[in-house]
Structures are given as structure tokens and as C-alpha cells.
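> Chains as they are written, first to last, in the numbering used here: chain A, 1 to 749; chain X, 1 to 669.
Calculated directly from the structure, the hints in this document are not laboratory data.
Keep in mind that a hint or two might mislead.
Unchecked claim - Pairs of lysine to aspartate or glutamate, DMTMM-like flavour, derived with a Cα cap of 20 Å:
#	chain 1	residue 1	chain 2	residue 2
1	X	132	A	485
2	X	386	X	448
3	A	237	X	34
To be verified - Derived list of chain A stretches under chain X, where covered just means 3 residues or more per stretch with a C-beta under 8 Å from a C-beta of chain X:
#	stretch
4	268-277
5	376-390
6	493-501
7	535-549
Note that the Cβ used here is the ideal one computed from N, Cα and C, for glycine as well.
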Amino acid sequence: MAAIPDGPVKSETELEVKPDSVNDVAGNPNAVQGIGGTPKTSPSVAATAASVTPPDITDRQTLLAVLQFLKKNKLLESEETLRKESGLCFDNEEQSGSVDGGSVCATGDAEGSDATLLSRVSGATSAPTAAAVTGVPVPAKGDDQPDVSVVLSAYSQQGDPALYQVYYSGLKRFIESVLDCHRAELSQVFYPLFVHMYLELVYNQHETEAKDFFDKFHGDQECYYQDDLRVLSGLTKKEHMKGNETLLDFRTSKFVLRISRDSYQLLKRHLQERQNNQIWNIIQEHLYIDIFDGMPRSKSQIDSMSGSLAGEARREANKAKVFYGLLKEPEIEVPLDDEDEEADNEEGKPKKKKPKKDSMGSKSKKQDPNAPQQNRIPLPELKDSDKLDKIMNMKEATKRIRLGPDSLPSICFYTFLNAYQGLTAVDFTDDSSLIAGGFADSTVRIWSVTPKKLRGVKSAADLNLIDKESDDVLERIMDEKTASESKILYGHSGPVYGTSFSPDRNYLLSCSEDGTIRLWSLQTFTCLVGYKGHNYPVWDTQFSPYGYYFVSGGHDRVARLWATDHYQPLRMFSGHLADITSTRFHPNCNYVVTGSADRTIRLWDVLTGNCVRIFTGHKGPIHSLTFSPNGKFLASGATDGRILLWDIGHGVMVGELKGHTDTIYALKFSRDGEILASGSMDNTVKLWDATKAFDDIETDDFTAATGHITLPENSQELLLGTYVTKSTAVVHVHFTRRNLLLAAGSYNP
Amino acid sequence: MAEEKRQKLINTLLPTESMKVIGESIGLSQMQEETCQVLSEEASYRIKEIAQDALKFMHHGKRRKLMTSDIDYALKLKNVEPLYGFHAQEFIPFRFASGGGRELYFYEEKELELSDIINTPLPRVPLDVSLKAHWLSIEGIQPAIPENPPPASKEQQKTESTEPLKAVKPGQEEVQMHSKGQGTAVTDAKGKDQKKLIEGSAMKLKPRSTHELSVEQQLYYKEITEACVGSCEAKRAEALQSIATDPGLYQMLPRFSTFISEGVRVNVVQNNLALLIYLMRMVKALMDNPTLYLEKYLHELIPAVVTCIVSRQLCLRPDVDNHWALRDFAARLMAQTCKTFSTTTNNIQSRITKTFTKSWLDEKTQWTTRYGCIAGLAELGPDVIKTLIIPRLQIEGARIKAVHEGPVVSNIDKIGADHVQSLLLKHCAPVIAKLRSPPDNQEQYRADYGYLGPMLCTHVVKARSQAAIQAQQVNRTTLTITQPRPTLTLSQGGQPSSTSRTPSIIKMPNSITLPMQTLVSARPSTSTQPSPPPTKFIVMSSSSGSSSSQQVITLSSAQSAPTSTSPVTTTVPSLQPLVKLEPGGSQGTGNAVTVGSGVSRTVQKYIVVSLPSAADSKSQNTMGQHQLSPSSSAALEANAVGSLNNAVTVKLERPESPSNGNQSPQPSH
């Protein structure tokens, strides 16, 4: 029965999975080498190759469009290469001569500028070319906006506009009359049907009918679609449909519904009996119905999973294996006596770990069967200073307070005064010695919260005078005159929406409205690199837990993986249907998670670039994400004020924490993962019992196969504490290595 | 299907007139209606689109308020040049204009003189961003420090006092538990649970709060009260500042309230003007504190304030000391109280007004009290002045005239009359200026307002000239207050302890005279008057958790003379005749607070204002309104029994040394 959606193969069916296939190709062995260090073979998108391989006619068209595009933009070299690779003859090109629309697969393995080109195209639904992110095929129609018209053309089929209301209310009556157990499931159909019928009416320029239809039925839709409905309500003309992101999203991605077989049969029979072709067509063309065997789901089960822009995740989407285990801690190869010098009385701790440099990774002696191979993603070598830091970390870990419901952490709150509502991002270093704040006035400020002041390195001339052989050379290169408690970094030209310290505290990343990500040195307090590629506001960025790599995501709906020594991204993760609002690295560095304004969370494999998990259930843009320290779970917070907990391995939601009344901007697990701290716009810090939340689930009869979980309503039991600030929105929370909770926000009187 | 119905989404459009106007503004006249229609739809759609994008910037800017910069960035996203020059911090003041059958809203842009901008001194440089750390929580408990919000919000205090039985919501429970835990240092979860149990059961039994103060709080209380009534003005300012701003004071509020009310009680007797002023400043500070829910304590504070307004004698030397200032200040406080706390259920304003009016109307009221009553009324606003004071100007004028032109009276009366006169002129002139139309005729005024007419006339003229500046207009709901019944003439009782009853609220000694100059003379008196021996009140027990619906107003004024009575402690049965207006008058049985003020050679006065409980309201006044009536009682002490079972026993003691003048009140906690 699952064949239903595949039945009438439209061109979109193929394309819909495109983003994933694009990334598939990016994962070829070539690419992996690229990531390892050779900067030139940037495997950013081997997308063109992707479109070459399938001999499908639509792909061919796509290819032609790309060639056309490259030619038009004078990217002759790229064009040449692509043409050679694809082995296409030139004649075809003429047919699609008038095509000038953009396409996503622009970069290829061409030289540098392509990456930016891609991002421009892919993000620019509002730009004149109005290209679709997902790489819509370009038919040679000679239309000035080919992609959009293709997207919309499916709406051109005419039904009697006056009858739409009759159709819809007929279906409504039917669904209301079915058995209770089916009603909840079938009710899911309402929203996508409503939207598509409305859009059809608008597209066919039946404005008054569309308006009546909207007025009559929009009140029936679930409240969590309110935001989308608001966008829809403004859209009343065919011209508006061009360049409207929401619309394109809706059209280019099939709305996914999960319905049990029985319910589906019921619906099908009804529609066929009534000869209700209009609705049937929409269901077949625009919806993807994921049919499962077994009991129909209850209303609450459905509600907990729905809410995203494009329906629920398909079941297959979350089937891939995810290596969520942690990497083996790299052994500290420092000889024992060295260690004793530097870290007195280390109790032979590192001794247990046999210093074997070459054993690293290649051996399969890792305990965690779920961990990825040690060298699955090449990681930077540890420097001496990193090892020292690791030792410090271990020392501190021994002094760590064990947290639990009976021993709550103390919270130290850092209030930014006189920020005049301008604080937009905060980050702490892992050792909690520095705080970085990003501000709306484009500055980044760094404070030292320890007595140690911030010092810059001396100027080159002064450095020449230093005796480089001396023991305290590292101390001598510092310029005492520059010592201060805080430093200001100037460079951005728009509000700074994200900051992230590198794990070794030598660098700071910041991303901004100006579309750049900047890398700052904390030795000289100057900007080292400006990573350009997004071209649109970058909402979030984060360093990987091992340094070197970082991830960013922004308004262009593409998340990018970068390495600090490459000015181009190594990977581009595309698939989200709206802005990427938050990005995080998995603790093992092999995965990246992104939260989006399309109300989904996606987990991406850094190696292959594939999307391996799609989590739906939030009812608003996701503004905070955090992994549990063991890498097994993910917590996410959104504008709807709810925190959702996810099991990465099984790909299911495992908990819902209600209590906040406004956007959650900060989430963090304690160092041992027992407590989840959340900070929100509602001026509170809340502590949740994470152990209990996860234990309850694990003891449950786990229905991973279907993913239909019933969430326990235990938010109140799990809530361990609420701490209200004095009109200070909580922007960031952080656990120190000893499990003291630090929180930060700006005071807005 | 969504069960809940939400507000309808309506596709609002810009009016086509706007399109026309905009068209005209760029020189396109006579636009077609259809054109406007299309334009408005398109423009509305684009505006919405931009607003939606701007919202994203707001969310990422971690703000709740959309700012102009967000819109700029949203425009930038669309490759549109941002609108420069809009930097509204708050709302944009759109002006409305209509004319020619059209209505317009526009943004008024003033023309600025460049030289003005250049010549104005530079504004202060805004402070730089700085970082401040504090403990939001220590091992799960939020410390009560100024950086943290008050442990119990005002709302919560209100719920606690008005609906004590209401189950605590689980969300609040945490907060409350933590706030309560401060005193008793509940750290472990078990303790918490126990606490919860105890609290729960206590709530069911009786909403009686046990106010345990931590050591820090006790210290704080001591410091603050000492500073408030101490001699160091700098310290006092600091203490008052602390009372007015500190968020965590609600636990100490009952103490402060008792401190003030007892302090006033004692110091009125001792005529210690300085301390009374200090105490009134404390009241002011308490009222200024935005985190406190004062409603619960008004029954203690209002009597204290009213006492300071109308008391017959507030200082040892009424001729020298400026007790008028205190009366004015207290009257303003009273007006503020009315404004803030008066509701339809407690009727504070109307009750206060009644109180003032009644004693003012009384023939025998002393000038000081008279002054206080008028000041109290006048502060309540122009409406009150108009309805209550102005009609009586003539009579009052006659009285003043009698003092001025009549046979030689005591100097003190003369001063009093002078003050009343200037007070009346001050308050009435602006009101009359509004009531009457411009031609101000001395004779006309004399005809209308009697003796005060001519002076009033000059003041009104002056007021008119300043009218433009003095547009102080307090909008107040009109008060319709029935004139007190004339039956309230009080008979001279034949009771043993009371010799003369004055029909006034507060009886003034007739023999006090003299002009006043100094504001405060706090030193022990050396006046010619027989100085009353100090009286010391000790509050035996005071649990101040009376329900907020009950208002017990206590006014006390006394002149104590040496008597031979030794310290007596009596307890008056709770069923005590509360009011005896006339023989055979109504008798209140229940809730009365009577405060003994000492045995005087002449009178023993109790001024009792009570809110009759439902049971005996029929015998007193209708609708549970307050009845204010002077009464006397043989008892030296009154045991006030509220409708709730909290009792205040006042013990009157006579200290050994009569010169023990400046005693500060001693709260017995």
C-alpha cells in the first residue's frame, strides 16, 4: 500500500529526495580525503556529479540547466568540466536556451566562487531568479521563472472553484463521522488539504472563492499551524505566490502524513465512492502518506509529532544507523614524570591509559559499540597545550559535584548591564574562564571572569627582542600593557547572532547578520579570517568539540561545515525548508544537528553529508539544541516554550518538558548528564531531572519499530527548580567542569 | 481538528485612501479606484512579508520588542534599501488629522534648528556594557538579594492574603518553598517535603502566617527602624531608600506596620513631632516600594496617617513648631493611599472623606483639627474640593472672621485661623478659577463666598494667570458623599470617666495657644504648658493577620495629665459597647478597636471607627459603612477584638521618671 505515493510518478517525486542524494555523493571517498586536509579538492558539493549519474530525463534537464547557468555566468571552465563529465552533446543545450533560472547544483568542483554562487542561488528565493533550494528541474518552456512555474503548474488543473468548499466540507463531515480511533488520524489530512486547495484557488485566480474558503475553514486547523496560516492569509494573488518561501516549501516537499492502514483504506474508499477526484488528486500529488500496520494512533500521539512545516518525518528517514557513541578519549602520551611536574600528584591517572600513539583509532578496542570509528572523521592532533588542558579537565572532574534531585547545582548568573537590549549571543569557554558576548551593535566583547586578565601578544618588533630560548617564553610574549578585563572585537557590520570559543581557547567564532563568520584570535584579539559563503544572515555557529571544524547555519537554509584553514565550506547540508536557527556538533564530532524555523530538527552525518535523522514535533522555530554528554540524547527548545528530548539511536522523541512560557534560548546538560538546565526569554532558569526523564523511557516497552510513543505527562515531576531573574532574559547556560551552573543574559529594565 | 477556537485571521489591507494620498504626494492625482485597490493589496502583502522577516530578526536578537532595525534588516534581505533615520526607541507618535472628508495618520516630523543642536550641551555618554555576577541559586535555594526578584511577587502576596485557602499551584510551589525556606534553612529534599506537609496542613486549619524572621532579617529590621527614627539624617535617607526599593521586605511588613502604628500612637501622646514626621516618611517609603502588597496592613497604617493629619496637638509647642507641614504631608499620603488602594469593597476614599467632613462640620473642632480635615479633603482632588469645601467657604469665612475681628482670643486660635484661611485659599482658588468664568469681581465673590471672597478673588486672578502652567488636573472619579446625619450631636454623658464629649473626632485642649515657626523641635519641651507625663504603651501581643476586608481605623489623641493611677492592666471583654452616641443609641458589639489614651482630668476620649460586621451592621449604619463616633469608656485599655481572633492588648504604663521624654516605640517582637 505504500506504493500509493509512488504511483503517479511526477517529476517532483524524484526531486523531492534530491537534497539527500546530493549529499550522498558528497560522501564519496574523494570527499573524505578532502576533509582530511587538502584544501583544493574541496568536496563542498559534488552535486553535479549526483545529477549526472542517474540517466533520468529530468536529471538531464537539470544538467542542461546547470550548463546554461554556468555559461551565462561566464564560468566557462566549470562548464567545460561538467560537460566533459556528463558527456552531453551540445545540441541539447540549444533547446533549453532560454533557461536562465537558477539551480542549486551550481558549484561543482569548480573554483572558489562557486560556493558563494550556490548559496546565493539556493537562498535567494526572493531574489529575482527565485531558485528553489531543492533544485527543481528546469523545463525548457521559455518562461521567465521556470522553476516557480513548474512548481505551481500542478495547480493548473481546474476544478469548479465553487465546489471546493463542498468537497472540503464533505470530507470534513466524513471524517467527523468515522470511528473515534480513525478520526484523529484522518484529521491530519485537513491541514495539508486545506492549504493545497487554497493555493489552487489562488493560483487559478479565483480570489473571492479562495477568500471564502479560507475564512470558512481556517478556524478548523490545529493551533500550531497558526503562523503558517497567517502567511497564507496574506497571500491572495497569483503574483504573490512567486517568491514566497512558505509556498515553495509547501509545494516542493510533499507533506508527510503517517496513517494506519485501516484509516487509509477508509479514506480511500470514501473518496472513491464519492468520486471526489479533486481531493484524491491532491492527496496523490501533494501528500506523502506513510502507511503503517497496526493500531491507529491517538490524538495526543499525533499531536506530539506533528507541527512541522512539511508534516512528520518519514519512517525511513530515521532508519539509518547513527554512531552516537563517544570517541575514545585520546591517550595522554605525556610521560608520567612530565605530568607530575606540570600537574602535581596526578595519581597515575594517565598511567592507566597506556601511552601508545599509533594505537589511536585503528584498534577496535573501544568499549562503546555505538561509537564511530576513531578516524571516521579526521581530527586534529592534540597539541601539548591540549593535553595539559585535558589533564586539568580530569583533575577538575574528580572534584565535580554529583548532581541529582537532592543536590541541585548552584547557579551563578552573569548579568550584562547597560546592554540596552543589544545582547544577542553569549558563549563560555569550556573551562569557564572567558565569556564572549555578541551584540546588536556588531561588536563582540570578551570578558575574563577569572582574576587573570586578558593580554595581547606584543608587537612584532617587540617580539624580536625576546629570548626565544627562555623557559617562560610564552609568558614573555604577552604584552602587560594591554592587560584588561575585557576586550572588544570590531569587524562585523551587523548584529552578532552567534559566538563560539574553540576548545583550546585560542580562537573565537562569531557569525553575524552581515553573512560572514569571523574567526578571531584570542592571542592578538584581531580577526584572522572572515568566512563568506552564506551571504544572508548567519544565525548560529559552533566549533566542534575537537576544534578545527565548525558548523554554521543561517537564513539561506543551508548548514555549512567548515574547517578553520579552508575559506570554503567542506560540506553543505541542505534540506531544511526554512531558516536554520541553531546548529550544534555531536560530542563525537561525527554528526551535526540543525534546528530550523521549519520546526524540524535534522541530524547530518559529517562524513557523508546525509541527513540521518529528522525530528518533528516542535511547534515553533527551534532556538536551542544540546546533546547529552554521552551522545545518546538530544534536547531541543523552541519558541513554543517546550523542551523535547530525543533518542538519537532510535530516532524517536522520548520526552517533553513543559513549563517555560517563552522561547527557550539556552539548554545544557550537566557534565554527567543528570540535570538539564534551560534558560528562557520568560526570565527563568529551570532545572530538569534528566536521569529520570531518560530512565522512565528506557524501562518502557520501547516501540522503536513504529516510533509511536506516548509521552508521559510528567513535566512537573521532572522540574526540579525554577529560578526567576529580575527581568533578565536567559540567553545562555553553561555547566563548569565542577558542575556549577553559569547563566547569562542582559538586564532589560 | 482543533477543539479550541482561535481568533480569526483576517487579511487586513491598507485602505485605498492611503494609496490615493501617497499617489497625490508624489504628484499622481486622480488615481483609478481599481489601481488603488491593486496597489493596496500588493503593498499590504509586501508589508506583511517584511514584518514576518523582521520577526525573525527580533527572535534572534533575543528581544520581545520589534525594533526599527529589525525592519531595516528585513528590507536588506529583500535587497531593498533600508529606511534610514527611523530610530524610535518606543512607540512612534502618530498624529491624527482629518479634513476634507478624509482621515489621516501621520508621523510628525519637527523641523530642528541646527544651531540649537550644536549649541545644546552633549548628552551624557551612555554607560558601557558591563558584566555583573550574582548567585541566582545556591544549592537549589534562591537567596533573597537585591539582584534576585522578590521571593514573593506582589500578586502572590495578594493571593496569599485574599485567598489563603487557594491551593498553591505547583509551579509557584517551588518558588514559595524556596522563599520560605530561607528563614528555616531547608536544604534537603526531605526537609522540603516536610515543610510542604506542614504548610499544607497549616493552610487548611487557618491562614495564620507564622512570620519567622531570619537573623539577618532581624538585624536588618533593627538597623532600619533605628535609622529611621534616629538622629542621623544621612542614615535615615539610606534606610528610607532601602525600604522604598528593597524587594524582599514583605516578610517584615507586619513588623514595620506595627512599628509605625504604635510609634504614632505613642508619639502623638508625647507630642513628639519629629518622630511623627519620621514615621510618616516611613509610610511614604513603604508605599513607594513597588513590590509590597500593602492592602493587608492598611488598617494599621491609615489610622496612623489620619492621626497625623487631624490630631489636635502634634507637638509640644504648637505656637513654634511647624506641625502644619506634617499635616500637609500626611494629607498627601492619605490622598495617595486613597488613590492607590481605594476599591469598591473597602471604600477607603469615601470613608476617609466622611471622617474628615464630619469633624470639620463640627462647631467645636479646634483649628488644628479643622486644618487637618480641610487639608485631607483638599488633597483628594478638585472634585472633592468642589463638592465639599467650596460650599462651606462662607461658613468657614465667618468663623475665621470671628477669630480675626472678634474679641480677643488666644493666639493659638489666631494662628490656626490664619493657616486654615491660607489653606482654603490655596486649594480653592484653582478650582474656582475653573468653575467660574473670568470676570472676577470682588463684590461678587464676597456675595458668594463671604468673608473670604475678596481674598479668594485675588487668588483666583493669580491662579488664572498661572493656569496655563498649572494644568494640574487630577482626574478623579466623582465622589458623592452624603452629608453626615445631623443626628450626630453628642450628648454630654453622665458617665463617670468622661466629663465632656466633644463632637469632634479629636478633642483639642482649649488652652493651647501660640504661634509656630520652627518645623520641628524634637527636644523635650520646656513650654509653659504643663507637659504631659510620658506615657508608654506596650503592645502585649499583636498578630497582625487581620483580613484585608476589615478596616479598623483607630485614631487616638490624648492629653494626659498626671493622675494618681498606677499602672493598670485590664482586659476589656470583647463584647464591649463600642459606640455610645446618645443614650439609647446604637451599640456596637463586635469589632472595635479602642485605644485608651490615658486618664485625663477632663476627658477620656476614644475615637473609634469601626466597620461593623455583618451581624451588627443593621444596628449601626447601612451597607457596612463605617461609623465614626466618639465614645468614651471607662477602661484604661481596650482590647480590640477584630472579627478575626487577633487581639491587641495595650498596656498602659506610667514610667517612673516623668522626664523620660523621647521614648521610641517598642515593638514587642
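> If a hint holds in the structure, say so; if it doesn't, say that too.
Against the structure, the hints come out as follows:
1. 132(X) / 485(A): 12 Å, holds
2. 386(X) / 448(X): Within the cut-off at roughly 14 Å; holds.
3. 237(A) / 34(X): 15 Å, holds
4. 268-277: That given contact is violated, which follows from only 0 residues of the stretch 268-277 of chain A lying within Cβ reach (below 8 Å) of chain X.
5. 376-390: n = 0 at 8 Å, threshold three: violated.
6. 493-501: Holds: 3 residues of the stretch 493-501 of chain A have a Cβ under 8 Å from chain X.
7. 535-549: Satisfied; 3 residues make the cut.
Of the numbered hints listed earlier, those contradicted by the structure are 4 and 5.
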